[in-house]
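> One letter stands for each residue in the lines below.
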Amino acid sequence: MRFAASKVQGSVANSAPRRVSRRRRVLAGFAWAALSLAGLGAGAVQAQTFASLPSPQFGAEPQGAARPIAAWVTFCQSYAAECVVDRSEPARISLTPAIWATIVSVNRRVNKSVEPKTDMEHLHVADRWDLAEDGIGDCEDFQLLKRHLLAEAGLPRRAMRMTVVIDEKGEGHAVLTLITDRGDMVLDNKTNAIVPWHKTGYVFIKRESQDMTAWVSLGGVTSPVTTANR
Amino acid sequence: MPPASLASLSLVAATLLVATPAHAGSEAEMHHERWRDCLSRTFRIEAVLTAPDLAADAAFRACRSVEEAYLAALASSPLLDDDDIARARPLLAGRIRAWLVGSRG
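Heads up: the protein sequence lines correspond to chains A and B, in order.
Quick note: the first sequence uses my numbering, first residue 20, plus one each step.
Quick note: the second sequence uses my numbering, first residue 1390, plus one each step.
Hints in this document: simulated from the structure, not taken from any laboratory.
Be a bit skeptical, because a hint or two may be false.
To be verified - Derived DEER-like restraints, expressed as beta-carbon distance ranges:
no.: 1; chain 1: B; residue 1: S1454; chain 2: A; residue 2: S71; range: 43 to 49 Å
no.: 2; chain 1: A; residue 1: G173; chain 2: B; residue 2: T1439; range: 55 to 61 Å
no.: 3; chain 1: B; residue 1: P1479; chain 2: A; residue 2: P73; range: 23 to 29 Å
no.: 4; chain 1: A; residue 1: V103; chain 2: B; residue 2: D1471; range: 50 to 56 Å
no.: 5; chain 1: A; residue 1: R86; chain 2: B; residue 2: A1461; range: 31 to 37 Å
no.: 6; chain 1: B; residue 1: R1453; chain 2: A; residue 2: A117; range: 49 to 55 Å
no.: 7; chain 1: A; residue 1: K136; chain 2: B; residue 2: R1433; range: 35 to 41 Å
no.: 8; chain 1: A; residue 1: V214; chain 2: B; residue 2: A1440; range: 30 to 36 Å
no.: 9; chain 1: A; residue 1: H143; chain 2: B; residue 2: D1442; range: 46 to 52 Å
no.: 10; chain 1: A; residue 1: V214; chain 2: B; residue 2: D1472; range: 42 to 48 Å
To be verified - Short derived list, chain B residues pointing at chain A, Cβ under 10 Å:
no.: 11; residue: A1417
no.: 12; residue: R1425
no.: 13; residue: T1439
no.: 14; residue: P1441
no.: 15; residue: Y1459
no.: 16; residue: L1469
no.: 17; residue: L1480
Think of the CB as a built atom: it goes at the ideal place given N, C-alpha and C, for glycine as much as any other residue.
Based on the provided sequences and hints, a complete structural model is requested.
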């Protein structure tokens, strides 16, 4: 899948190699399209309305350091800006109807646009994290792209953390946790529904730290109301 | 065995290997399903004779080897390390236990 060159003048570094510049143009084009869709869709059909958001809930609390994922380390070497933690950013997203509409739109748009394929099938490697620039990716690529687009839309990267869970099928899975004033909300490529973490049914293992470029353990917490299958 | 038969067997074996590539995610799912089925079957049998909590305890004891196979498959996920799985183990068991007892298997 390719996107038309964007009219948006992205912040491409002068010294960026041509390969990176082309990638940034593709991503900028996606961002432009996503934001346009968010603008058009703010008052239109929304699968989840801002009014239906829950009152503030407790989040999954970090419980010490966790070993980083090897492919994440490699990702951060290639996409340093995606991994830097800016502690001057808010640690929590203050949700408004407009921000929520953007989140819902980006989540749905990426879920629809990226073709799911395992890294082994796609790239013949066990695991690789990237921004699905060629339109193909697996779970972590979906969520990394969503975070990239939402950060470009102005949301604090620090409040959007990659998270590893064990899903309803008992498999390792990556989701994106948005830490908000309405609780921790989960963006997933398996569903367009954005739900509070404790309603996913997942077992939460670890997520990126909010204070440094590292991972923290979540201790395997799960929903107070658990099911073996959804 | 005649050479032609041996060659045919080799061809079939090679085809099976190509057609069923090792896939850590799918193996974890498969083993999780086996573990859940073992627990469910055993729980339903035990629950005829005893209280649900005790039936669940018996099911987990009986299905320990299936659980170990699942955890071994899960360990091959690039997203998880041994520490993650050790921390998650009781919560994974708790999740299924709640389902067993809540829905009677």
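> Compare the structure with the hints numbered earlier in the document and write down the numbers of the violated ones, lowest to highest.
Violated: hints 4, 5, 10, 13, 14.
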